[in-house]
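Engineer: Sequence:
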Amino acid sequence: METKFAQWPPFRSDLRKQFGYLSFNCTLINLDVIGIKLLRTGDVVVITYRGARKTGFIYEGGQLTDQQAFRAYTDVPMDYNELERYEREYVGRIEVLAPPKDNYVFVNEQEVVKK
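One gets the working numbering by counting positions in the sequence shown from 1 and adding 23 to each.
Some hints here could point you the wrong way.
To be verified - Using 25 Å as the maximum straight-line C-alpha spacing, the simulated DSS-like pairs for lysine-lysine come out as follows:
(1) Lys-40 to Lys-124
(2) Lys-124 to Lys-60
(3) Lys-60 to Lys-77
(4) Lys-40 to Lys-77
These are computed hints drawn from the structure, not numbers from a lab.
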């Protein structure tokens, strides 16, 4: 899968510069978020994975109806490891926007550590 990045800042340093802090809801720990950009409209449906298993989606609005956003979600494979095949199958229609592989930190009770 060719890694592509969304237009929002993908790195912690960029986020910190833009917002002055980093925050997240603990229910999102260990979730991977993958953007599926629909090339016809430019809309992005965010798919969440826990491990290799698809768990849900986020769509912040735009040109898609609820049914179209849900259809984009259902088209994406259940297994994260199948995204490369999915991208090839839908070439010219979608782009998979994956975060940089080293953009993870690990949180314990007192600190955030880059591994």
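Engineer: Does each hint fit the structure? Answer for all of them.
Structural biologist: Status of the hints after comparison with the structure:
For the hint pairing Lys-40 with Lys-124, the CA-to-CA distance comes to about 21 Å; that is within 25 Å, so the pair holds. With a C-alpha separation of about 19 Å, the suggested pairing of Lys-124 with Lys-60 holds against the 25 Å cut-off. For the proposed pair Lys-60 and Lys-77, the alpha carbon gap of about 17 Å is at most 25 Å, so the pair holds. With a CA separation close to 31 Å, the supplied pair Lys-40 and Lys-77 exceeds the 25 Å bound.
The structure fails to meet hint 4 from the earlier list, while all remaining hints are met.
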